[in-house]
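Here are the chains, one letter per residue:
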Amino acid sequence: MGAEETVDPLEEARFSWKIFKLDDHVGAGIVGLSSDARVLIDQARIQAQSNKLTYDEAIDVEVITKRICDIKQLYTQHAGVRPFGVSMIFGGVDKTGSHVFGTHPSGTYRGYKARAEGAGRETVMKIFEDEYREETGLEDAIKLAVKCLAKALDTRQLPLRVKIGIVPSATMKIEMLSDERITKYVEELGLGK
Amino acid sequence: MGAEETVDPLEEARFSWKIFKLDDHVGAGIVGLSSDARVLIDQARIQAQSNKLTYDEAIDVEVITKRICDIKQLYTQHAGVRPFGVSMIFGGVDKTGSHVFGTHPSGTYRGYKARAEGAGRETVMKIFEDEYREETGLEDAIKLAVKCLAKALDTRQLPLRVKIGIVPSATMKIEMLSDERITKYVEELGLGK
Amino acid sequence: MGAEETVDPLEEARFSWKIFKLDDHVGAGIVGLSSDARVLIDQARIQAQSNKLTYDEAIDVEVITKRICDIKQLYTQHAGVRPFGVSMIFGGVDKTGSHVFGTHPSGTYRGYKARAEGAGRETVMKIFEDEYREETGLEDAIKLAVKCLAKALDTRQLPLRVKIGIVPSATMKIEMLSDERITKYVEELGLGK
Amino acid sequence: MGAEETVDPLEEARFSWKIFKLDDHVGAGIVGLSSDARVLIDQARIQAQSNKLTYDEAIDVEVITKRICDIKQLYTQHAGVRPFGVSMIFGGVDKTGSHVFGTHPSGTYRGYKARAEGAGRETVMKIFEDEYREETGLEDAIKLAVKCLAKALDTRQLPLRVKIGIVPSATMKIEMLSDERITKYVEELGLGK
Amino acid sequence: MGAEETVDPLEEARFSWKIFKLDDHVGAGIVGLSSDARVLIDQARIQAQSNKLTYDEAIDVEVITKRICDIKQLYTQHAGVRPFGVSMIFGGVDKTGSHVFGTHPSGTYRGYKARAEGAGRETVMKIFEDEYREETGLEDAIKLAVKCLAKALDTRQLPLRVKIGIVPSATMKIEMLSDERITKYVEELGLGK
Amino acid sequence: MGAEETVDPLEEARFSWKIFKLDDHVGAGIVGLSSDARVLIDQARIQAQSNKLTYDEAIDVEVITKRICDIKQLYTQHAGVRPFGVSMIFGGVDKTGSHVFGTHPSGTYRGYKARAEGAGRETVMKIFEDEYREETGLEDAIKLAVKCLAKALDTRQLPLRVKIGIVPSATMKIEMLSDERITKYVEELGLGK
Amino acid sequence: MGAEETVDPLEEARFSWKIFKLDDHVGAGIVGLSSDARVLIDQARIQAQSNKLTYDEAIDVEVITKRICDIKQLYTQHAGVRPFGVSMIFGGVDKTGSHVFGTHPSGTYRGYKARAEGAGRETVMKIFEDEYREETGLEDAIKLAVKCLAKALDTRQLPLRVKIGIVPSATMKIEMLSDERITKYVEELGLGK
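Here the protein sequences line up with chains S, L, X, E, F, C and B, keeping their order. Residue 136 in the numbering used here sits at position 136 of the first sequence; the count goes up by one each step and never skips. Residue 210 in the numbering used here sits at position 17 of the second sequence; the count goes up by one each step and never skips. Residue 518 in the numbering used here sits at position 132 of the third sequence; the count goes up by one each step and never skips. Residue 597 in the numbering used here sits at position 18 of the fourth sequence; the count goes up by one each step and never skips. Residue 937 in the numbering used here sits at position 165 of the fifth sequence; the count goes up by one each step and never skips. Residue 1030 in the numbering used here sits at position 65 of the sixth sequence; the count goes up by one each step and never skips. Residue 1237 in the numbering used here sits at position 79 of the seventh sequence; the count goes up by one each step and never skips.
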């Protein structure tokens, strides 16, 4: 999921969200230099398609994460380039289950049950640690996400602009929640201003 | 649109305007090093033609923006080159509607409803924020632009030299407004000196 | 064997262990930058397969160690790259017996009877020096390892999270001990909290 | 046009003038490092011939200027080279009329009605601004040039050594004025010492 | 010959000795970075085999020394690499007799009758200068070596761990002395602790 | 012409003169690093032969000068090399007459009626400016040169060692004056010590 | 000729002399980094053989000198390498007579009647200047050399170790004088200690 912090009223928000679909079953959220992220997003999409063509099956979430992190690592070890200035969270569902991987500009990645990156990260991680349970279902997870984002934005005195992408285990298809649905959750939870 | 700030009376203005047609339906305004901009303008025109040849349809405004920003990004990450010293605003109409994208030398871009770059930017953005409405039609948009440019030049005590390019949704063809038409708007608005 | 020091309760431990199988008969533990380690792990696996294809026999533990250390050395002597920021311990059984090799980012390696690297190394090496005997059997060796890791983690006031990989001389096959089996050892030894 | 400032009495002036014919209809004046200028002059001549061979028509004055300025730009953005230390003024007549372009080592160029570069530039530009008129004919333009150069050299207490190249709209052929003709203008204007 | 200074009781000494067989008739001792030395040892072995294949005779001791020193020299003169951080002593018997060559990281080498490198070098060289005689036979030479190493280790308060390789003129085959044989010499000489 | 300043009595002067024949009709004098000069002399001779083979006529003196200066320019603009540390004077006779070109390490060159470079240059140029006349014949020119060199060497308190090369317009062949002929001129002029 | 200054009694002098045969008729003495010298000696021998194969005659002494100095020059002008840290004196007899050339790390060379380089150079050059005569025959030249070396070593309080190579005009074959012959000269001259 992603909270958009821009408050420029003349900006077209739809071109600035920070969640990208990489393949039917996997997406990524970015924090950092969006121009650097684009390069990696393009690579990730190529890797996903290439895996499908080569093995006739959807790429594992860890594999796509590793491929991108191998590129990141390369850019930290070799001269003539600078490292990618972007952290990414990969999330998706594959034949081994649901996965979330947090990555670092150095190319390091780790698996997580729930993960946040960027400004407001501490606020969100604290809520996750207090309220996240392994057995949390999809609906409750979305509500938890909405709550986290609302708190994080509120702490930083920013308006509530939220974008959420989900990959339900049932469908294994990434979908972006409509603004209406998010608004409903916000109202149910008594959040927003 | 573009306001020309040069006041060298011996300059041939027609070779110095900062608005370029990239394809029938899309143009760009530049701020910064015009020699660097030329390289990107040339690339943008090639991308537009290449898209037409490959897919037999006009390139999307976001796609041409992304292509040029990918080049900009490359020049910030790789050794042996320096970044392009130019910001560009891409504007045009494609099958998904009218779009304006502001870009940065880092290769970052964002979509906008109305956007200004360069000297006088603050003056113009303030007027946009106060007076721009989503429902503004083309005629009123041009008047707003003329007003913005006139104010920005006046603030900097420069003569009123204005060039405006438009891409009407109806025609999807970029056209540069004639000096006569601009003069008419200036007079209607009671601007100029 | 490896002790996982992360205490982030939301991390998926199974993606963060620091022991890797390189081939049926040989594995490696890593300390340092995990993104750098991945590059070398990938190379080691390729070397192991390549040896099998070329000579139709499993790669010697020293040979796989030397190959990886030759790559490490290359990255210290040639411009355009930085050295790998990772120490690795290779362990396995080949036709010449059981071997443990400790390696250094410079590409130096040495053979050991028992070896530890990383945080807590001093604690572990002291126990090894006091208690390790050449004639120690596999069962006792595992117990010694569990004891070492428990002490090292306890000294650093970290919870007892332990992963152990063994390559029995009898089977010459690497296997990761199940959490249950490790727990049993921990209880037998009266360790953990 | 060009004023030669060298006063070494043993120099062979004919090898030191700073005006070069690039093609029948276009020439260039240089200011700066003559060795760098030679590289660009050679390139400009190649571009002019290449245009003639490819399109069977004389190269546009702006096109030849752009080509050379693109090379200049390249040398400012890429490592392994230094920028060209030379400003150039391109002048000529093509199917779109008479043109003068001033260029900068960065690769920027602009169109001008009348332009001077180098030492004495301020003196000359002031006279141009006061006395140049759009309707000035060729004869009067030459006289104006002679006057400018004489004033500029006089201000710097240098002897009157002047070389003038013209491209009449009628012939579209560059020609260097003979010393006799220049002397006649000097006398008519009551200049020289 | 080589004295091993490591006193880590858990180290497997057999992987750490500093004497290497390069071909049947020639070996080398190393001092310095063992990872750098491995690269040169590998090269020396290739040179020896290549000489045998090309000329059908064993490589001269000076030739193998020169080949390796030419590589060392290359790494001091060319950019993009750092010099090899290792001194090496080459010793062997070829058709021109017995030879010992001392080499330097710069690629310089010199022939010696007896030579030591590394920690304890001064102690050893002093004994060599006092006691070495041209007419010393193999048995006495080994005893002298054992004495030197024992003194050098004793001076540095290290335990007596000694490895000796010899190339008898009679056999022209390098052989590593067994621990038993070395122990016998040590006892004969009344050395060790 | 060239004055040799070395006074090492054991030097073989014939290998140290600074005048080189480039082709039958053209030669060059050098000042600066003789090792750098050799590279350019070799190139100049290749250019001269290449011109003869391609066009079946002797290379123009200006053309050979330009070719060498283009190489000099290249070495000032591109990384990975340093500029040539040598000034050169090219002199010769071609179908357009007699020419002397002075060149600079930057690659700049200019035509001269008479030219000197190097230590003593000021002394010589002063005499040239006072005494050189356009109508000076070959014999008088040689005498003037001898006088200049004698004065320059005398000012610097160096013995009179002089080498003179001439290219008479009549023969268009470069020839080095014999020591006897130079001595005769010296005596006629009452110079030397 | 060469005086060996090493006094390490365990060194094998025969591998350390500083005189090298390049071809039958030409040799070189070196001063400086012997590892750098080896690279140039190898090149010189290749040039000599290549000349013999190409032109079926022995390479001129100046030509072999120039070839090596061209390599030296290259290493001073191009990036990615450092200059050769070695001065060399080339000496030999070819169809144009006997020649001695002194060279410099910059690639400069000059012809000499007699030349010394390295430590003790001043002492030797002084004797040469006082006592060398053009008409000196081979025997007297050798005696002069022995005297020079003896004085130079004596001044530096070093033992008399001397190696002399000669190329008699009669045979045009380089030969190294035997130790006996040198000893005879030393005794005749009443030198040595």
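Treat the hints as calculated values from the structure; they're not laboratory data. All residues carry an ideal CB built from backbone N, CA and C; glycine is no exception. Hints should not be assumed to be uniformly reliable.
Said to hold, decoys possible - Non-contacting residues of chain X with respect to chain F, defined by C-beta distances greater than 10 Å in every case (computed): (1) K407; (2) V417; (3) K452; (4) A465; (5) S473; (6) V486; (7) R501; (8) M511; (9) P545; (10) K549; (11) P554; (12) S555; (13) E561; (14) Y571.
Unchecked claim - With a straight-line Cα cutoff of 27 Å, these simulated DSSO-like cross-link-like pairs (lysine-lysine) come out: (15) K742(E) to K1128(C); (16) K214(L) to K288(L); (17) K742(E) to K356(L); (18) K692(E) to K214(L); (19) K549(X) to K113(S).
Interface exclusion of A465(X) relative to chain F, criterion Cβ beyond 10 Å: Non-interface label on A465(X) violated, nearest chain F Cβ at 4 Å vs cutoff 10 Å.
V486(X) non-interfacial with respect to chain F [C-beta, more than 10 Å]: Given that some Cβ of chain F is not farther than 10 Å from that of V486(X), nearest at about 8 Å, it is violated.
Assertion that S473(X) lies farther than 10 Å from chain F (Cβ): 13 Å, holds
Distance restraint between K692(E) and K214(L), which requires alpha-carbon spacing of 27 Å or less: 25 Å, holds
Interface exclusion of K452(X) relative to chain F, criterion Cβ beyond 10 Å: Answer for K452(X): violated, closest chain F Cβ roughly 7 Å.
Hinted pair K742(E) and K356(L), Cα distance within 27 Å: 39 Å, violated
No chain F beta carbon within 10 Å of P554(X)'s: 19 Å, holds
Interface-negative label, Y571(X) against chain F, beta-carbon threshold 10 Å: At about 22 Å from chain F, Y571(X) clears the 10 Å cut-off, so the statement holds.
Minimum Cβ distance from K549(X) to chain F greater than 10 Å, as the annotation requires: 22 Å, holds
Status of the stated non-contact between S555(X) and chain F (beta carbon gap over 10 Å): Since the minimum Cβ distance to chain F is about 16 Å, S555(X) lies beyond 10 Å and the statement holds.
Assertion that M511(X) lies outside the chain F interface [Cβ separation over 10 Å]: 8 Å, violated
Holds or violated: K214(L) to K288(L), with C-alpha atoms at most 27 Å apart: Given that 27 Å is the threshold and the Cα spacing comes to 18 Å, the pair holds.
Checked against the numbered hints above, the structure violates hints 3, 4, 6, 7, 8, 15 and 17; every other hint is satisfied.
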